[in-house]
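S.K.: Respectively, the protein sequence lines represent chains W and Z.
Its first residue numbered 1, the first sequence is counted upward by one per residue in our numbering.
Its first residue numbered 1, the second sequence is counted upward by one per residue in our numbering.
Mixed in with the good hints, there may be bad ones.
Treat identical chains as interchangeable: a pair holds within one or across any two.
Said to hold, decoys possible - 25 Å max Cα-Cα, derived PhoX-like pairs, lysine-lysine:
1. 101 to 114
2. 8 to 114
3. 101 to 8
4. 39 to 101
These are calculated hints, taken from the structure and not from any lab test.
There are 2 protein chains.
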Amino acid sequence: MERIPILKLGSLLLVTIQVDMHDQLAMTLQDDLTERIVKDRARGVLIDISALDIVDSFIGRMISNTAAMARVLDARTVLVGMQPAVAITLVELGMTLTGVKTALNVEQGVLMLKNP
Amino acid sequence: MERIPILKLGSLLLVTIQVDMHDQLAMTLQDDLTERIVKDRARGVLIDISALDIVDSFIGRMISNTAAMARVLDARTVLVGMQPAVAITLVELGMTLTGVKTALNVEQGVLMLKNP
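So here's chain W without its partners, still in its complex pose (with noise of 0.2 Å):
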């Protein structure tokens, strides 16, 4: 697949990651979100990483670069469905993924993106 799927819900996006990323697929995901985002005027962007067991370096670092980039265009970025044992590499990679809010869940993700 090259593409990874932007859903729009209201004035979010949601974006789920199933897929191990490689270089080209970020590349185009962040183009994708980018526009996206000014496109549909969304104010918040949700990333679910539920699917992902492991997170490597690349991949931490282009979730920070995405929620950098929503931020400068006036969007939020929250990150769900976390697993334990990816928080654990997260720290343990030295990744702290400052200014990237996380919840729980998706539902969680929306309230704290409606109610800030």
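Please arrange chain Z on chain W, whose structure you already have, making use of the hints.
M.R.: Just chain Z now, with coordinates in the frame of chain W:
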């Protein structure tokens, strides 16, 4: 990835299919989804296939079966994000997805499920 994540949005469940389905993955999805419908007392299921460029008879049948299973559990299924080429293929394959409602995108699907 062994599992397709099922996201809860209020009383609805959202499944985004991004990868090519093989037998085992489809069976796992059906098991997980029926379990979640009961556990979360879901009234509706949204299946997003916007990432799929092709849908073969196996996936078509899987979607029909999943919708039938949801129906007997008192949840309605809406298939969203179908690409034009997929619609052409499905009809050419003789699969008209009887009993499966469709909507243009997730937003329309949510509206359809919330206002029956």
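S.K.: Now tell me if each hint is right for this structure.
M.R.: Going through the hints against the structure:
For a Cα distance limit of 25 Å, the shortest separation of residue 101 from residue 114 inside one copy, 13 Å, qualifies, whereas the shortest one across copies, 29 Å, does not. Taking the shortest alpha-carbon separations for residue 8 and residue 114, both the intra-copy value of 14 Å and the inter-copy value of 16 Å come in at or below 25 Å. In this assembly of identical chains, the alpha carbons of residue 101 and residue 8 lie at most 25 Å apart whether taken from the same copy (19 Å) or from different copies (19 Å). With identical chains, the CA atoms of residue 39 and residue 101 are at most 25 Å apart within one copy only, with a shortest distance of 23 Å there and 28 Å across copies.
Checked against the numbered hints given earlier, this structure breaks none of them.
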